[in-house]
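Asker: If you want the building blocks of each chain, they are given just below.
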Amino acid sequence: MLLATYDLWAFVSDNQAELVDGLLNTLKVSAFAIAGAFVIGGVLGAARAHRIPVVSQLTAVYVEVIRNTPILVQIFMIFYALPQLGLVFDQFTVAWLSVMVWGGAFNSENFRAGFEAVPYRYREAGDALGFNRFATFTNVTLPIGGRIALPSSINTYISVVKNTSLMYVIGYSELTTTALNISNQSLETLEALTVLAVVYLALVWTLSVSIRLLEARLALPESR
Amino acid sequence: MPDWVEPVARYILQEGLPGTLRVSAAAVVGSALIGILFGTLMTIRFLPLQALIRLYVEVFRGLPILVTVFIAFFGLPSVSTRLEFDPLTAASIALVLWGSAQVAEATRGAVQSIPREQHEAASALGFGWGGRHSFVILPQALRRLLPPFVSLLVNIIQNSTLAGVIGGLEILDAGERQSERLTAIPPSGIGEIHAAEVFGGVAVLFFLISFPLTRLAAVLEKRLV
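Residue numbers (the working numbering), protein chains in the order written: chain B, 855 to 1078; chain H, 6 to 230.
Worth flagging that the hints you see were computed from the coordinates, not collected in a lab.
Some, not all, of what chain H presents toward chain B, calculated at C-beta under 7 Å:
#, residue
1, LEU68
2, PRO69
3, VAL72
4, GLY80
5, THR166
6, VAL170
7, LEU177
8, PHE204
9, VAL207
10, PHE211
11, SER215
Listed next, the stretches of chain B that the computed footprint assigns to chain H, with coverage defined by at least 3 CB atoms under 8 Å from CB atoms of chain H:
#, region
12, 928-937
13, 1019-1025
14, 1046-1055
Glycine included, every Cβ here is placed at the ideal spot set by N, Cα and C.
Can you make the complete structure from the sequences, with help from the hints?
Answerer: This is the structure we're talking about:
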């Protein structure tokens, strides 16, 4: 039936402008969310690894809440529940905010593990050189622990990119919403799904390959 | 407690929860069976088979699960009318495709972590490939698979909310329907917005299900490895 009229090329060329816009929106949301998740992960991961009172405990609660509730529920909370409390965001803000909050929780665990893997004697060496705690962190723990955390944090960023597809539920016109909306009108369902599969796999696979290249590049001298 | 709470909670627990449990149970069992089979087959040194399973694993781990759900719900019926499924079944199929890819990868690692001597000892006792794997290798590998399995269960329960996106009645969808109903004018609704309470309740419900399981996964991880 629909298989007989399958024409991927016509679908792509007829809807090129919209699909490119959708892809750009996906990339924009991903970039905002990844940048935010990087900062949240670095700061809260450091607070956890250094057992900074209050911040450390609050971070643990934040991580458990995010890890143990579905991300769709989190999106619904931000999109439907926060307006009731007077916080109204546009779709773009909800999109990057929700995946950033999600990615930040996972990333703070990645960075905590990375910072905690830095041998204690390295930090002692920092003390011996007269560094204060902050200088030891920025000069010793961050560059070494950050590299240890890199593969797992890139995995989190890959999940962030994939999770932007969930913005379909709030109608934000990223790639998934765009492709599905076009296919709803033209009934080119298989073509739309093919485009989605190819583009997401290209994005995800490129990022996965980059992890392996980066890992080899940034491996610590002693583990090489 | 206000009057509107009881019917909403009753609907979520009586209509939504069974949907979530159905999808999750089907997805966990399907993922385990297919994943363990594929993962074990991946350890056979036969390139075409390895390449084929590797492709399956990379595709379904790489795709956003929502896209896989759309493929199962909108894509399959366009290929053949016999492949038309209701939303809960379509979501279960998508979660099996995703989950089995995760399990296959974990099983491959677990099977390969069993020392070669175990294979040799089993062969010496006269076991063929099938007997060796089912009676000697897999029972040991499954022990190491237990912690990732519990994490998979948590992920599947949480991702069963994707069934709601295509109209399947599960916990989150039940909450959404109720929060929408409350905004309607009486008698069907009460003309008030209670999205924060309803979705907050849904979040608490998921937390109560997931939290013990993630703790269990962490404990198993420490004990068994």
